[in-house]
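Chain order of the listed sequences is P and H. Going by this note's numbering, the first sequence opens with residue 93, and the numbers climb by one from there. Going by this note's numbering, the second sequence opens with residue 326, and the numbers climb by one from there.
Hints are supplied without guarantee of correctness; some may be wrong.
In the PhoX-like style, the derived pairs of lysine-lysine whose C-alpha atoms are separated by at most 25 Å in a straight line are [what the hints assert, rightly or not]: (1) P:137 with P:94; (2) H:382 with P:137; (3) H:382 with H:396; (4) P:137 with P:171; (5) P:94 with H:336; (6) H:336 with H:382; (7) P:171 with P:134; (8) H:336 with P:137; (9) P:134 with H:336.
Calculated from the model, a selection of chain P residues having no Cβ within reach of chain H, i.e. all distances over 12 Å [claimed, not checked]: (10) 105; (11) 108; (12) 114; (13) 118; (14) 120; (15) 124; (16) 151; (17) 152; (18) 174; (19) 175; (20) 177; (21) 202.
For each label pair, taking beta carbons as the anchor points, the in silico distance ranges come out as [what the hints assert, rightly or not]: (22) H:389 with P:185: 43 to 53 Å; (23) P:159 with H:340: 47 to 57 Å; (24) H:403 with P:110: 19 to 29 Å; (25) P:150 with H:340: 25 to 35 Å.
By construction, these hints were calculated from the structure, which means they are not laboratory data. Cβ coordinates follow ideal geometry from the N, Cα and C atoms, glycine included.
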Amino acid sequence: RKEVEQDPGPFNVPEGATVAFNCTYSNSASQSFFWYRQDCRKEPKLLMSVYSSGNEDGRFTAQLNRASQYISLLIRDSKLSDSATYLCVVNGGGSYIPTFGRGTSLIVHP
Amino acid sequence: DTGVSQDPRHKITKRGQNVTFRCDPISEHNRLYWYRQTLGQGPEFLTYFQNEAQLEKSRLLSDRFSAERPKGSFSTLEIQRTEQGDSAMYLCASSLESDEQYFGPGTRLTVT
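Work the whole structure out from these sequences, hints included.
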């Protein structure tokens, strides 16, 4: 089992739709969690941290479920500009090594 | 621009040659990471520095790869005797006492 798993997609949704991605992790001792956005042939950019109590930033909501070992990202009212790959990152669990998922591709169409 | 910078942005080299990449982190960021990314995959961890100390190195990293951060500021990643399988985007990221990383634009390596 991979340490961090994401459905690669692509998720193809119309503008205005709500879409959710999950990311599962295998190391129960993991301590910090993040979502990054990566546009084609660009570097990843930090989207948001994922706290135990959840985190909301405008149309984006991130949640952590430690019992089931997954984090989620919800995007409401999708925009064309949300089209990108969304990467989850899991840190900690006894090392300094951050582990990225392979990313989930989102395509928002008119 | 006070972000992470990397140089060069693109490198084409012949198999067997050595290459060196440079990363300048955000000023005062004490943590620096190197990653490799290939198409359709997430960034794969290579190595991590806290100040000038190299604290982690991926088991996947062969002896042909070496990284330094001599004064705790910029870092270099060297690949010796390059192979075609080394072709990838090499990303550098930095952070300040947290796990929130900020990435540079990357160096795209093509080995012919």
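Taking the hints in turn, this is what the structure says about them:
1. P:137 with P:94: 23 Å, holds
2. H:382 with P:137: 23 Å, holds
3. H:382 with H:396: With Cα atoms ~19 Å apart, residue 382 of chain H and residue 396 of chain H stay inside 25 Å; holds.
4. P:137 with P:171: 18 Å, holds
5. P:94 with H:336: 31 Å, violated
6. H:336 with H:382: Satisfied, since the Cα-Cα distance of roughly 23 Å is no more than 25 Å.
7. P:171 with P:134: 19 Å, holds
8. H:336 with P:137: Distance of about 23 Å is within 25 Å: holds.
9. P:134 with H:336: The hint holds at about 16 Å.
10. 105: 20 Å, holds
11. 108: Consistent with the label, residue 108 of chain P stays out of reach of chain H, its closest Cβ about 28 Å off (over 12 Å).
12. 114: Fine: 15 Å to the nearest Cβ keeps residue 114 of chain P off the interface.
13. 118: Consistent with the label, residue 118 of chain P stays out of reach of chain H, its closest Cβ about 15 Å off (over 12 Å).
14. 120: At roughly 17 Å from the nearest Cβ of chain H, residue 120 of chain P sits farther out than 12 Å, so the non-interface label holds.
15. 124: Residue 124 of chain P not clear of chain H: closest Cβ-Cβ about 4 Å, inside 12 Å.
16. 151: Holds: least Cβ distance 21 Å, greater than 12 Å.
17. 152: Holds, because the least Cβ-Cβ distance between residue 152 of chain P and chain H comes to about 16 Å, which exceeds 12 Å.
18. 174: Residue 174 of chain P is indeed farther than 12 Å from all Cβ atoms of chain H, at 19 Å.
19. 175: At about 16 Å from chain H, residue 175 of chain P clears the 12 Å cut-off, so the statement holds.
20. 177: At about 9 Å from chain H, residue 177 of chain P fails to clear the 12 Å cut-off, so the statement is violated.
21. 202: Nearest chain H Cβ is 26 Å from residue 202 of chain P, so the label holds.
22. H:389 with P:185: 43 to 53 Å: 28 Å, violated
23. P:159 with H:340: 47 to 57 Å: 49 Å, holds
24. H:403 with P:110: 19 to 29 Å: 47 Å, violated
25. P:150 with H:340: 25 to 35 Å: With a Cβ separation near 48 Å, residue 150 of chain P and residue 340 of chain H fall outside 25 to 35 Å, so the hint is violated.
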